[in-house]
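Q: Which chain is which? The protein sequence lines are A and B, in order.
So the first sequence is numbered by our numbering: it starts at 1 and just counts up by one.
So the second sequence is numbered by our numbering: it starts at 1 and just counts up by one.
Take the hints with a grain of salt, since some may be wrong.
[To be verified] To be clear about the criterion: a stretch of chain A counts as covered by chain B if any three or more of its residues have a C-beta under 8 Å from a C-beta of chain B, and this derived list gives those stretches:
1) 15–29
2) 145–152
3) 303–317
[Claimed, not checked] Pairs of lysine-lysine residues, derived as DSS-like cross-links and limited to a Cα-Cα distance of at most 27 Å, are as follows:
4) A:Lys335 - B:Lys21
5) A:Lys217 - A:Lys93
6) A:Lys21 - A:Lys46
7) A:Lys28 - B:Lys336
8) B:Lys112 - B:Lys336
9) B:Lys336 - A:Lys336
10) A:Lys416 - A:Lys238
11) B:Lys335 - A:Lys28
12) B:Lys93 - B:Lys109
13) B:Lys238 - A:Lys109
14) A:Lys28 - B:Lys217
15) A:Lys18 - A:Lys70
16) A:Lys217 - A:Lys238
17) A:Lys109 - A:Lys217
18) A:Lys28 - B:Lys49
19) B:Lys400 - B:Lys109
20) B:Lys416 - B:Lys109
21) B:Lys238 - B:Lys416
22) A:Lys238 - A:Lys336
23) B:Lys217 - B:Lys238
24) B:Lys55 - B:Lys70
25) B:Lys335 - B:Lys362
26) A:Lys238 - A:Lys70
27) B:Lys336 - B:Lys416
28) A:Lys369 - A:Lys335
29) B:Lys403 - B:Lys217
30) B:Lys362 - B:Lys400
31) A:Lys112 - B:Lys28
32) B:Lys416 - B:Lys369
33) B:Lys238 - B:Lys336
34) A:Lys46 - A:Lys28
35) A:Lys28 - B:Lys55
36) B:Lys109 - A:Lys217
37) A:Lys112 - A:Lys93
38) B:Lys18 - A:Lys238
39) A:Lys335 - A:Lys217
40) B:Lys400 - B:Lys416
By construction, these hints were calculated from the structure, which means they are not laboratory data.
From the three backbone atoms N, C-alpha and C, an ideal C-beta is built for every residue, glycine too.
2 protein chains.
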Amino acid sequence: MIGIGIIGLGTVGTGTYKILKEHFALIKHRTGLHIEVVKIADIDLKRRKGLTIEKGIFTSNALDVINDRKVHIVVELIGGINPAYDYILSAIKQGKWIVTANKALLAEKWDKLFNVAARHNCEIGFEASVCGGIPVIRAIREGLVGNRILYILGILNGTSNYILSRMTDEGMSFNDALQEAQRLGIAEQDPTLDIEGIDAVHKLCILTRLAFHSPIKVNDIIRDGISRIEPIDIGFAKEFGYKIKLLAVAKERNDTIEARVEPAMLPVDHPMSNVNGVYNATYVVGDMTGPNLYYGKGAGAEPTGSAVVSDIVDMALRMREGRKTPIISVSMVEKKIRSGEESRVPYYIRFNAQDRPGVLSKISGILAKYNISISAVIQKGRKESGHVPIVMLTHEAIEKNLKQAKREINKLPVIKGESVHIRIEEGML
Amino acid sequence: MIGIGIIGLGTVGTGTYKILKEHFALIKHRTGLHIEVVKIADIDLKRRKGLTIEKGIFTSNALDVINDRKVHIVVELIGGINPAYDYILSAIKQGKWIVTANKALLAEKWDKLFNVAARHNCEIGFEASVCGGIPVIRAIREGLVGNRILYILGILNGTSNYILSRMTDEGMSFNDALQEAQRLGIAEQDPTLDIEGIDAVHKLCILTRLAFHSPIKVNDIIRDGISRIEPIDIGFAKEFGYKIKLLAVAKERNDTIEARVEPAMLPVDHPMSNVNGVYNATYVVGDMTGPNLYYGKGAGAEPTGSAVVSDIVDMALRMREGRKTPIISVSMVEKKIRSGEESRVPYYIRFNAQDRPGVLSKISGILAKYNISISAVIQKGRKESGHVPIVMLTHEAIEKNLKQAKREINKLPVIKGESVHIRIEEGML
Numbered sequence: 001m002i003g004i005g006i007i008g009l010g011t012v013g014t015g016t017y018k019i020l021k022e023h024f025a026l027i028k029h030r031t032g033l034h035i036e037v038v039k040i041a042d043i044d045l046k047r048r049k050g051l052t053i054e055k056g057i058f059t060s061n062a063l064d065v066i067n068d069r070k071v072h073i074v075v076e077l078i079g080g081i082n083p084a085y086d087y088i089l090s091a092i093k094q095g096k097w098i099v100t101a102n103k104a105l106l107a108e109k110w111d112k113l114f115n116v117a118a119r120h121n122c123e124i125g126f127e128a129s130v131c132g133g134i135p136v137i138r139a140i141r142e143g144l145v146g147n148r149i150l151y152i153l154g155i156l157n158g159t160s161n162y163i164l165s166r167m168t169d170e171g172m173s174f175n176d177a178l179q180e181a182q183r184l185g186i187a188e189q190d191p192t193l194d195i196e197g198i199d200a201v202h203k204l205c206i207l208t209r210l211a212f213h214s215p216i217k218v219n220d221i222i223r224d225g226i227s228r229i230e231p232i233d234i235g236f237a238k239e240f241g242y243k244i245k246l247l248a249v250a251k252e253r254n255d256t257i258e259a260r261v262e263p264a265m266l267p268v269d270h271p272m273s274n275v276n277g278v279y280n281a282t283y284v285v286g287d288m289t290g291p292n293l294y295y296g297k298g299a300g301a302e303p304t305g306s307a308v309v310s311d312i313v314d315m316a317l318r319m320r321e322g323r324k325t326p327i328i329s330v331s332m333v334e335k336k337i338r339s340g341e342e343s344r345v346p347y348y349i350r351f352n353a354q355d356r357p358g359v360l361s362k363i364s365g366i367l368a369k370y371n372i373s374i375s376a377v378i379q380k381g382r383k384e385s386g387h388v389p390i391v392m393l394t395h396e397a398i399e400k401n402l403k404q405a406k407r408e409i410n411k412l413p414v415i416k417g418e419s420v421h422i423r424i425e426e427g428m429l
Numbered sequence: 001m002i003g004i005g006i007i008g009l010g011t012v013g014t015g016t017y018k019i020l021k022e023h024f025a026l027i028k029h030r031t032g033l034h035i036e037v038v039k040i041a042d043i044d045l046k047r048r049k050g051l052t053i054e055k056g057i058f059t060s061n062a063l064d065v066i067n068d069r070k071v072h073i074v075v076e077l078i079g080g081i082n083p084a085y086d087y088i089l090s091a092i093k094q095g096k097w098i099v100t101a102n103k104a105l106l107a108e109k110w111d112k113l114f115n116v117a118a119r120h121n122c123e124i125g126f127e128a129s130v131c132g133g134i135p136v137i138r139a140i141r142e143g144l145v146g147n148r149i150l151y152i153l154g155i156l157n158g159t160s161n162y163i164l165s166r167m168t169d170e171g172m173s174f175n176d177a178l179q180e181a182q183r184l185g186i187a188e189q190d191p192t193l194d195i196e197g198i199d200a201v202h203k204l205c206i207l208t209r210l211a212f213h214s215p216i217k218v219n220d221i222i223r224d225g226i227s228r229i230e231p232i233d234i235g236f237a238k239e240f241g242y243k244i245k246l247l248a249v250a251k252e253r254n255d256t257i258e259a260r261v262e263p264a265m266l267p268v269d270h271p272m273s274n275v276n277g278v279y280n281a282t283y284v285v286g287d288m289t290g291p292n293l294y295y296g297k298g299a300g301a302e303p304t305g306s307a308v309v310s311d312i313v314d315m316a317l318r319m320r321e322g323r324k325t326p327i328i329s330v331s332m333v334e335k336k337i338r339s340g341e342e343s344r345v346p347y348y349i350r351f352n353a354q355d356r357p358g359v360l361s362k363i364s365g366i367l368a369k370y371n372i373s374i375s376a377v378i379q380k381g382r383k384e385s386g387h388v389p390i391v392m393l394t395h396e397a398i399e400k401n402l403k404q405a406k407r408e409i410n411k412l413p414v415i416k417g418e419s420v421h422i423r424i425e426e427g428m429l
């Protein structure tokens, strides 16, 4: 018997418990394993309501889980850095193996966690930390083990993707789409972590470490949220054949890594551009496989619980065999991090300009000075206000040049209000 | 050191050898493993040309690989049933572990292979047998281990998918698209295995066994090829919002399994309908995860080689730990197989009818007699010949009723030539 202890009986904890109960026989049939939840902790005693949990299993003290001799695997599902971090460390020191869905903790404390784990022959499973029910960690770490990873493109946050999908499909404003998402329980009352890209940064940090073996930090990842995206830009993107998505991108070239999370334009015919609503997906280019794409539900009790259970089963199989070496390599190789300023991609830019002759020539003159060439222009007809949007796509440009040119253009008397620039991610097809 | 022996230095064998050579250091860094190809057999001695293979490694006799004491894992990449089957059995009996990409062999000889393997504590890896570079076997077996699988929808044959994509995007005829595929090396000179769905049946057989633990046989899978598909039906499919794909479908309901490979219509907004060209994908619905989709290259030296290498690494890690129990469950549970006749889906049907009043009423009268109701009709305008296509979508209908009604309608004097029916697969969104 492999004993499981769960800390945190929220959404994912409940899903995990449910799967281990309902599919006890299925898992036993597939693996021969007898996996049983022997202890569950949650500070909120009401949480066990609606679940059939035998007497003596539920506790309000996480240490009861960690200290229980029958618990072989501690499943940490409370989220956040503290006290989750302390719980995990003390469980590791007691010889337990760990399964966690805690992306913030992994992103912030990776080195420490895996170093302590390695010293104690402990394995940390974290399939549930990225892309919920999609086995993307397993795919990258094991399925693509014979590949140098060249590129990762992720839609890693269901809330942002839902909001952008609604804005794209229904023409809703950001605020209306956010409010709808909140009403449906897709967005939190304080949506900052999701809409500002922080959650996606944590997940990209994990994927980048796995794929490139580089000890990248959360602060190394360039980040921008979706709240600045306006329906007008979604409309122009469509005219040019693009969709705006909150994209998590990481690439390595010449031992230099660039990683960023921000709203960007993706060609409509890219397979990732059809990842809509709350769905998540990760697109990975290996040097041998070429593109791979993994798609599914990125959150929710059962999908994320399914990922937790896959780690539990994997560990239980290896425990049965007496395995003691963690499979994940903890030897990271320090690599250069490319700052945003040096990044080089095509851009979409929109200016609000007076509708008079010579404006386009002035704008393109400044762009040319910064070595930015234009690949397409849309200039819409006359408006009452006398100001019209001028929209351009550029060829590849260096980010600092683009920003400098934009600042200079914004100072022109013919320009009114805020100009907008959005990266174009061709998506390494 | 884990010694690898490769039998068959064709496309996949070359890819495998190349990856193990070029990424020796990468794999060692990730896993600590020293994996070395110590023996390669191919009857065609010219095949080693272009590869740097050390002296003494290459042989024209497969038994030299099997009998080599330094070979721990035998990689069978010659394909077909014989002599591959004998080679694998004799390697198992010598205590070797097996990696194979041989879908025909797995589909035909699964029970025997895994029974012999279990008796010898041998593991058989077959990630490369389905969907080339996409780790779909690992995803289903390990990633979704906590799920009852409800539904599998695969685009498993790149050649057929390429041909149908060209017919759809360019309006080409089947023959022109096939000839183009042959010219590009995407289709074989004898394309039967691919275009008649035989290759996809082998792969679906493997996926069905894995997902449903049912000892399904190749002959249990209903099969139809793509050569009967005409551009006119692709055109009408588009008008109705569908794409025609060679779909491999398996589902389980009430302990009854239905599995089939045939050209069918898939809604354009289904995520699988954007799997184009030579790409493969598998869409799996688990009861906990909901839909998952895995997409990538289904064939080629490096993608398929990458899958072979992922199995090799997985085995080598477990050999290092002294692991001896194969992880795959060989205990299959006999389940009922639903025959095509009892299957129940919506249909597309096209009749060539005389353009005169009352024809539609006659056709729909016969359909009604067989309890088939119509959800949409397109009747195109008058033609010189006096015959026009009448196209219908039906609500769900039982296959034997549909076929019987079609036969009866074909006998009407107003009907000319062959009528066409194509299944509609809604794809369990």
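Q: Determine for every hint whether it applies to the structure shown.
A: Quick rundown of the hints versus the structure:
Requiring three or more residues with a Cβ within less than 8 Å of a Cβ of chain B, the coverage given for the stretch 15–29 of chain A holds, as 7 such residues are present. Here's how the stretch 145–152 of chain A fares: 4 of its residues keep a CB closer than 8 Å to some CB of chain B, so the rule of at least three is met and the hint holds. Here the stretch 303–317 of chain A counts 9 residues with a CB under 8 Å from a CB of chain B, which clears the bar of 3, and the coverage holds. With a C-alpha separation of about 24 Å, the suggested pair A:Lys335 and B:Lys21 falls inside the 27 Å cut-off, and the hint holds.
With a CA separation close to 25 Å, the supplied pair A:Lys217 and A:Lys93 stays within the 27 Å bound. Between A:Lys21 and A:Lys46 the alpha-carbon distance is near 20 Å, which keeps this suggested pair within the 27 Å criterion. Using a Cα cut-off of 27 Å, the hinted pair A:Lys28 and B:Lys336 holds, with the two alpha carbons roughly 22 Å apart. Taken as a hint, the B:Lys112 and B:Lys336 pair is honoured in the structure, with Cα atoms around 21 Å apart against an allowance of 27 Å.
A distance of roughly 58 Å separates the Cα atoms of B:Lys336 and A:Lys336; the hinted pair therefore is violated under the 27 Å criterion. At most 27 Å may separate the alpha-carbon atoms for a hinted pair to count; A:Lys416 and A:Lys238 meet this at roughly 24 Å. Distance restraint check for B:Lys335 and A:Lys28: the Cα-Cα separation of roughly 19 Å lies within the 27 Å cut-off, and the hinted pair is therefore satisfied. A distance of roughly 16 Å separates the Cα atoms of B:Lys93 and B:Lys109; the hinted pair therefore holds under the 27 Å criterion.
Only pairs whose Cα atoms come within 27 Å are accepted, and B:Lys238 paired with A:Lys109 is rejected, the gap being roughly 51 Å. At roughly 25 Å between alpha-carbon atoms, A:Lys28 and B:Lys217 fall within 27 Å of each other, so this suggested pair holds. For a cut-off of 27 Å, the pair hint linking A:Lys18 to A:Lys70 stands: about 20 Å separates their Cα positions. Taken as a hint, the A:Lys217 and A:Lys238 pair is broken in the structure, with Cα atoms around 34 Å apart against an allowance of 27 Å.
A C-alpha spacing of about 9 Å is found between A:Lys109 and A:Lys217, which places the hinted pair at or below 27 Å, so the restraint holds. Between A:Lys28 and B:Lys49 the alpha-carbon distance is near 49 Å, which puts this suggested pair outside the 27 Å criterion. Our distance criterion of 27 Å between C-alpha atoms is broken by B:Lys400 and B:Lys109, whose separation comes to about 31 Å. Of the pairs offered as hints, the one joining B:Lys416 and B:Lys109 is violated, with about 45 Å between alpha carbons and a cut-off of 27 Å exceeded.
Of the supplied pair hints, the one linking B:Lys238 and B:Lys416 holds, its CA atoms being roughly 24 Å apart against a limit of 27 Å. Proposed proximity of A:Lys238 and A:Lys336 is contradicted: the alpha carbons are some 35 Å apart, above 27 Å. Between B:Lys217 and B:Lys238, the direct Cα distance comes to roughly 34 Å. Violation of the 27 Å bound is thereby established for this hinted pair. With a CA separation close to 16 Å, the supplied pair B:Lys55 and B:Lys70 stays within the 27 Å bound.
Taking the CA atoms of B:Lys335 and B:Lys362, the gap is about 41 Å. The hint is violated against a cut of 27 Å. For the hint linking A:Lys238 to A:Lys70, the alpha-carbon distance of about 57 Å lies beyond 27 Å, and the restraint is violated. Distance check on the hinted pair: B:Lys336 and B:Lys416 sit about 39 Å apart at the alpha-carbon level, beyond 27 Å; violated. Our distance criterion of 27 Å between C-alpha atoms is broken by A:Lys369 and A:Lys335, whose separation comes to about 33 Å.
With a CA separation close to 25 Å, the supplied pair B:Lys403 and B:Lys217 stays within the 27 Å bound. With a CA separation close to 20 Å, the supplied pair B:Lys362 and B:Lys400 stays within the 27 Å bound. This hinted pair checks out: A:Lys112 and B:Lys28 have alpha carbons roughly 23 Å apart, not beyond 27 Å. About 21 Å separates the Cα atoms of B:Lys416 and B:Lys369, which keeps this hinted pair within 27 Å; it holds.
Taken as a hint, the B:Lys238 and B:Lys336 pair is broken in the structure, with Cα atoms around 36 Å apart against an allowance of 27 Å. Of the pairs offered as hints, the one joining A:Lys46 and A:Lys28 is violated, with about 31 Å between alpha carbons and a cut-off of 27 Å exceeded. As the CA atoms of A:Lys28 and B:Lys55 are separated by approximately 48 Å, the hinted pair breaks the 27 Å bound. Our distance criterion of 27 Å between C-alpha atoms is broken by B:Lys109 and A:Lys217, whose separation comes to about 50 Å.
For the hint pairing A:Lys112 with A:Lys93, the CA-to-CA distance comes to about 13 Å; that is within 27 Å, so the pair holds. Distance check on the hinted pair: B:Lys18 and A:Lys238 sit about 42 Å apart at the alpha-carbon level, beyond 27 Å; violated. Of the pairs offered as hints, the one joining A:Lys335 and A:Lys217 holds, with about 12 Å between alpha carbons and a cut-off of 27 Å not exceeded. Of the pairs offered as hints, the one joining B:Lys400 and B:Lys416 holds, with about 22 Å between alpha carbons and a cut-off of 27 Å not exceeded.
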